[in-house]
Every structure is written in C-alpha cells, then in structure tokens.
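Engineer: The chain contents come next:
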Amino acid sequence: MGATNFIGQSIKRKEDYRFLTGEGSYTDDIVLPRQTHACFVRSPHAHAKIRGINKDKALKAPGVIAIYTGEDIAASKMGGLPCGWLITDVNGQPMKEPPHPVLAQGKVRYVGDHVAVVIAESPQQAKDAAELVDVDYQVLPAVIKSADARRKGAPVLHDIAPDNTCYVWGIGDKAVVDQAFASAHHVTTLEFVNNRLIPNAIEPRAVNAQYARADDSYTLYVASQNPHVERLLMTAFVLGLPEHKVRVVAPDVGGGFGSKIYLYAEDVALTWASKQVNRPIKWTAERSESFQSDAHGRDHVTRAELALDTEGKFLAMRVTTTANLGAYLSTFASCVPTILYATLLAGQYTTPAIYCEVTAVFTNTTPVDAYRGAGRPEATYVVERLVETAAREMKIDPVEIRRRNFIKQFPYQTPVALQYDTGNYEATLGEAIKMADVAGFPARRAEAAKRGKLRGLGYACYIEACGIAPSNVAGALGARAGLFEAGEVRVHPTGKVTVFTGSHSHGQGHETTFAQVVADRLGIPMDDVDIVHGDTSKVLFGMGTYGSRSIAVGGTAIVKAVDKIVAKGKKIAAHLLEASDTDIEFKDGVFRVAGTDKQVPFAGVSLAAYVPHNYPLDKLEPGLNENAFYDPTNFTFPAGSYVCEVEVDPDTGTTSIVNFTAVDDFGKIINPMIVEGQVHGGLTQGIGQALTECCIYDPESGQLVTGSMQDYCLPRADDVPSYRIGTKETPCTHNPLGVKGCGEAGAIGSPPAVINAITDALGVREIEMPATPQRVWRVANKKAA
Amino acid sequence: MTVKVSMSVNGKAVGAEIEERTLLVTFIRDTLRLTGTHVGCDTAQCGACTIFMNGRAVKSCNMLAMQAEGAQITTIEGIAQPDGTLHPMQEAFRQHHGLQCGFCTPGMVISAIDLVNNTPNPSETQIREQLDGNLCRCTGYHNIVKAVKAAAESSRS
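Sequences listed follow chains A and B, in order.
Going by our numbering, the final residue of the first sequence carries number 785, and the count climbs one at a time with no gaps.
Going by our numbering, the final residue of the second sequence carries number 942, and the count climbs one at a time with no gaps.
Please keep in mind that the hints were generated in silico from the structure rather than gathered at the bench.
Check the hints yourself; a few may be wrong.
If we take Cβ atoms under 8 Å as the criterion, some of the chain B residues that face chain A in the derived model are [stated by the list, open to error]:
{"#": "1", "residue": "797"}
{"#": "2", "residue": "799"}
{"#": "3", "residue": "800"}
{"#": "4", "residue": "830"}
{"#": "5", "residue": "879"}
{"#": "6", "residue": "882"}
{"#": "7", "residue": "885"}
{"#": "8", "residue": "888"}
{"#": "9", "residue": "889"}
{"#": "10", "residue": "916"}
{"#": "11", "residue": "917"}
{"#": "12", "residue": "927"}
A virtual CB, placed ideally from N, CA and C, is assigned to each residue, including glycine.
When you get a sec, could you build the whole thing from the sequences and use the hints?
Structural biologist: In structure tokens:
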C-alpha cells in the first residue's frame, strides 16, 4: 500500500471537528442583517372550508411586519407545488394532479396545512401574532384511512379526483400470473399494513430567505438534500423567477432520510415574501410542525400471494396495494409506491411471473413521500414475509427455500423491468448464518425457554436499487427530472484540489469519502483535497442526495472529472518532459515517461498550467479545472442477508433484539467505517418501524395523535442492540469505482427480519408492525388461551 | 416584561436584559450566539440542547434563562481545550465514528461526559440506559456506545 492508497481505508472524518466543537453551521444558526422571523398559521382541522380570515388584530400585535394568506398567494399568480413524476394508470390515463397551493385556497385538507404566514421582528412575536389570526372554518367530514378513501360517499378532497384516487397502476403480465396461480401446488397469502412513519431528522426543517433589491436576486438558506433541484422547481415551476437570480444554499443539514428532498410550501412562501417585505425572513419548524408537515413515509395496505410448486420453487407472485398519498402530491410521491416499489418484487429470486397493482389515494393526512428506502422497504417486506411464511407452511427450512430460488446467473432480467447486473446472494446469506451462529440457536432457544422466554429467529434477504437511472429511461416512465450528477475538480496552481459535487451530505460523510476517491486517484495527500457541496453559486449543478446514489452517481461524476484532469496533465507533462503524451504514465502523483526516470510531480504540472511560460499554448488551454456530468446506464443493486434473533417476554409482551447480523454486498467500499455507520443507522430506523414507530391519526377527526416525540416512539439507545456487521464484495459492473450505495439498506432489510423472528418466537403467522409490547402480549396470550 | 440575567458561560461572565419567557437555550443561541447548542424538539425529549449547569447535564430547552441566574454554564463550545485540542470524549466520538449529521452531537457529547463522570466504568447496558434522554437518528447508537466505552476506559488509564 502506498502513502496515497485511500480507497478501502477507514479514514476518520474531515467534518467531525466542527460538529464536535459546536462549529457546525445549520440553517437556524444563520442570522442575516435586518433578520425577521416567520410563523405559519396551520389548520387545526383535517378538512374544512375557510369562510374567512380576519388578520386585523394580528396585524396590530407588537413587532408584526406583514401577514399573508392564500388570497395574496393567488394574487401573486405563483404556481402550485409541482410533482416530479407523472404516473400513467392502467388505462393509459395520466394520474390526477390536484393543485397544491403554497397557502390554502379556500379549503384545508390536513391538520397542519398552511393557512397564513405571519412575519415579525422576533420568532416569539410572530408566534404571538399567529395566535391572533382569526380563521373562520366550516369543518367538513374527513377521510383518513386509505381503505375508506374510495368508499361510496366518502368525503372528497379534490374536485379533480371525485373518487379520491390519484391512479390505479399496474406492472407485469396478469394473465400469465393468474394461470400460474391456478396450477400451483401451494399458495401463501398474507394481508398486512406497512405502517406510516414520520421521518424525524433531529434537525427540524428551516429556511432563511433573503432578497436583494440591488440586483433583484434571492438567497435561500434551507435544510435541503438537493439545493439545485429546490431552485429549479421553485424558479421554473412555482415563482417564475430567473434561475440565475436565485442562490440556494443547503449548509450543514442535520439528517434528511428523504424528508428534506422536497420543495415545501414554507420554502416558497418565505422566498416570495422576502421581496414583499424587503428583509430576510427565517422560519424554523418546531417539532410539532415537523410531525405535521414533513412528508411522511410508507402507509401501504397490501394483499400478497406467492405460488409455489411441490419443491418450494416460486412460480408467481400477485400483489395488490393501496398506497396513502396524503392530502396532496408531494414532490416525488407518485413514483414511490410504483416505480420504486413494484419493480423490486422479484427480490433475490427467480420468480418468473409477477403482477402488482397499486391504487394510490388521497386522504386528509400529511402528504406521503420517500422516506429512507422509499418503496424498497415496502417491497422487501412483501417478498420476505411471503417467503418465510411459505417456508413454514411447506415445512421447508427458510434458508433452504431461499437457496432453491436464488438468482445465480447475471445479468438477470426480472419480470418487473429491472436488470440486475451482478450479485452473489449465497455469499451474504452463508456469511450471515455463520456470524449469527444459527447452528447454536436451538440451544439458545431451549435455554431461554427455561427462563420462560420465547426466542425466535428471522431472516430477510433484500435487494435494492440505487442511483435510479438512466435519465431517458426514467423519463419514458414519467420522471420529470434528469437523474445524472455533476462534479467539478479544480486543481489550484500549487497542486491543492477543491472538488465541487452536486451530491449533498447531511451525515453521510462525503467530505471524507469523496476526498478519499480523489486523493487516491491523484496520488496526493487527503489534506490536499477539500469537498464543496450544497451551494448553487459554487457547484455547477446537482441532483442532490436521495436513493443511496451519492457514491455511485456523484462519486462517478467526480471520477470522470479527475480522469479529464489526468488526461490533460499528461499532455502538459509530455511538453515539460519533451515526450509524446502517449508515453506518459501517471502513478502515485507523478507523471513519468514510461520506462525512464524522467518525471514531473502533480504540483509541477499544475503550476505549469497556471504559469504557462513553458507550455504548449498553441495546442492546449492553460489552467487545470474540469467538470463532468454522469448519467448511469443502470441502477446499482446492493443486496444482503439479515438475521434477527429476538427474545420475547410473554408476560410483558416486550421484545428484545438479542442479536442482529447484517451482511451486505455494497460492491467496492471506499470507507468501511462510514459504510458500517450507515448500516447501523438504517438498521435502527428499520427496527424502529418493526417495533416502536407508527404514525396514528384519529380515524374520525383526523387529528395527529402521534404528534410529538412523547407520542411517536423513536428508537432510543436502550431499544436497540449492538450489531454484527459483515460485507461481501461483488463490484458493480457499470461504474468505474465498482460501488453500489449503502444508505438505505439497513432500513430496507431489517423490518421483515424482525417480524419473521417475532412470529417465529410466538409460533404465529402474522403480527402487525410495529410489534409493540401490547400487540405482542395480546398475540402471545391469545394463543396461550 | 424584561428581566436582567447574569451567569458564567464557558468561564466568561455574561449578562443581558431579556424577555422573562426567554428559554435558557434561546439565551445561549440567540443572545450569546453560541449556536453549538441545538433545539431538536422543544419538549425535552431529544437532548440536542443539553449543556452543563453547575456541573450537571441539563436540557436547556426546558428551563427559563432566569432560572440559570448566577449559574456556571458550559456549552459544547467550552468542552475542548482553549488551544482546540478535543476533550477525550470528543476525540472518542471522532475515533469511533460516533456522529454523522452532527446535530445531536453537542448534546450527546455532554450527556456522555456526564455519564462517565457519574459512572466511571459503565457497562454497555448502563451506557444505553443513561443515554436514553438523547435521540440520534443517524448512528443507531452503535458507535456512540463504543465511543463512550472507549472514553471511559481511556480516562481510567
């Protein structure tokens, strides 16, 4: 290993010092000259007509500068919040896209819907005045559960969708699937709910919008995962502002998990209002506002069937899902329960025929969109609950049934559109079985039984698709955005390097991982490379961070830019060394004439590029700065095997995860420490979904019952174990780093592993997520009785 | 109504005239502009606002600034040495990747220091139980537990 071989090393993070010492700079930390503050008046009702808004009293309150309502928004002629993916339904019709106004237009559709914004000198004054805004509501009946949305006579949210249906969408050949089921030896059927989750990044969403009259420009600081997308949507579709006059900065961002991808009403309202009041306006969500207005995740009701032959080979799968989209279409809501869900239903298996139909409905609840995993956790739950249940029903070992059905030849074309480039599912499963000491499980179970405890073991073998691509294929499927990433490598005269990436880091450690890639490839010290992200005025363009795409798409864009730097560097070196550029080798930071000791270091080449006295000016531009856009040819397909061992106390219903083993195949790994950290976090969110987390609305009033951290149970340190983590490496075949992505895997694979373990412990077929002590106790004691 | 408060923050005497209802965390962040102390939940559930007050870790979103009258406060900005050398707990978080987005980190580090002050040789169970007032959504706690264990071990050696 040379001094500059950084790929594969657990290098400590460059970003840590500032976070550990309180020197991070999050949106709420930024105070601008002449700062004002905003508070939103939100609907206390799930569904109501607004008969009138009286703001007279509020306008007279101390410190109030302005109050805007839906009327002002309508008068401004701004557009509504757009949806970035057009789904075409089973009849070839476009999905229903109801207007999504920035502030309510005559009607509110969920508790927390935006009614007015109050701008004042201090946050407290804005909040006080918001209390004085008098809204006259006529409360309407609400529809909350997706199962009720299409019932005859159900309250209607949007005139454009009289049956509250956004679309009915399907994938696969239904006739072939029905035929396979008709002749199957065994059919396993499950009905379940994939529970609605509230993301809860610990940093609440925040916005600080500033208008400059001097050049008619805007600067928006916002807790966002994708500042360029935020700017594009806001300028091109909502406010109609010139894109070059808007700068969006996403500074340090305290976690996202999907919830900070979207263009939210608050972002637009403050940007627009900052010009009206000609002062910067800041809004930071209180946690109760995060619960009510950050896009939620999941919320599927599913009936799933698996057809098998006598040997336990999967013949076909049939899935019907109702997805709750909430009251409006959030930015990417439409593609999550379709393109990102049903296409994953093959899992790791050779199931030859799959049909999935998804009905997406509007309800009087917070909009639902992508949350860590986005469609893939829902798909994995379907597949892995079916497989485990089928194994038990057919009395086949759950490992054996998986092995009989694994895909072993790659590339593999699934019946649901995706083509897996590579994988080795036996390798991760075999390793997981070893690490989890499955062989010792019967003894551990017997020992637990002596203590009156129930032990169970559950598996999940997941597949996921990262770095959604390519743009033209996604476009044909309805995507309204490109799916590439951009990167720029700026070599300074002294050979130091600044890298600009369109990916955004909000915990993922890009400042370290991307620097490792660049330093390794250029053969220079880590300290000589800095990564810049999150500012549209610095970074040329970017699609941001979502879907575990950063290393595979953003990292590859950077590699392509680095390769251009090296190619140009060789030409400069050839001139300096009086050789042909085809004879120049670049290794360990040195350009060398092959087979000789004639060489020039990287910094020598960069200096020549900026002080071009001895330089081929007739053939080559001076300077050493390159950018690249990378549009992948395919998704990447991380996969893995998880084994969960639980111990249930039948007296209290408490489930302890006594052992959780995760073996993942993320392809090549740049920084194992960071990758393991991503897995730990994903597992904990998945275990949260399985055991503790659930968004609950009152089914009549539509009030959010789990509206605070006291009511919505996020996993705490004593709810989860330490994990056993392993990796196997089958490099991705279609990107230069061989990387796949690791951000969501843990949250995708863990829920079915946990539920498979609990149902094994209890000896039951099903238990609903989250498997709270109350639910587990009821199941355990019903069985005993 | 306003009220005068004075206290010591990170070894410096500070004072200001503030609204009576001003929370301690608001005083620290907005008046003193020490923005390392974060607000994650407003309800004393997440612990991002944890600071030391008279040597004990407390949640600064859950008390009024005037309740801290005359107190000795240490925020995350006062944990490292004046020359920038990290406190052993901060260093352990760095070594063991006990942080990702960094938002819960200031409160988590202070709670962890408090934990080791009170329990110099904590077991994994004790660490997990005693950190349950601090939420982290990124790390799954695995590496935080490792960091606290390592810091406790290094402070004993």
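Engineer: Hints first: check each against the structure and report whether it holds.
Structural biologist: Hint check:
1. With its C-beta approaching chain A no nearer than about 15 Å, residue 797(B) sits outside the 8 Å limit, and its interface hint is violated.
2. With a cut of 8 Å, the hint placing residue 799(B) at the interface with chain A is violated, because the nearest CB-to-CB distance is about 16 Å.
3. The interface hint given for residue 800(B) is violated, since its Cβ lies 20 Å from the closest Cβ of chain A, which is over the 8 Å cut-off.
4. Interface restraint check: residue 830(B) against chain A, minimum CB-CB distance 4 Å, threshold 8 Å, status holds.
5. For residue 879(B), the suggested interface contact is upheld, since its CB lies about 5 Å from the closest CB of chain A, less than 8 Å.
6. The interface hint given for residue 882(B) holds, since its Cβ lies 5 Å from the closest Cβ of chain A, which is under the 8 Å cut-off.
7. With a cut of 8 Å, the hint placing residue 885(B) at the interface with chain A holds, because the nearest CB-to-CB distance is about 4 Å.
8. Interface hint at residue 888(B): satisfied, since its Cβ lies 3 Å from the closest Cβ of chain A, which is below the 8 Å cut-off.
9. Annotation: interface hint on residue 889(B) holds; nearest CB of chain A at approximately 5 Å, less than 8 Å.
10. Given hint, residue 916(B) at the interface with chain A, holds; its Cβ is 4 Å from that chain's nearest Cβ, closer than 8 Å.
11. Evaluation of the residue 917(B) hint against chain A yields a held restraint, the C-beta minimum of about 4 Å falling below 8 Å.
12. The interface hint given for residue 927(B) is met, as the beta carbon of that residue sits about 4 Å from the closest beta carbon of chain A, less than 8 Å.
Going down the numbered hints, you'll see the structure goes against 1, 2, 3, while the others check out.
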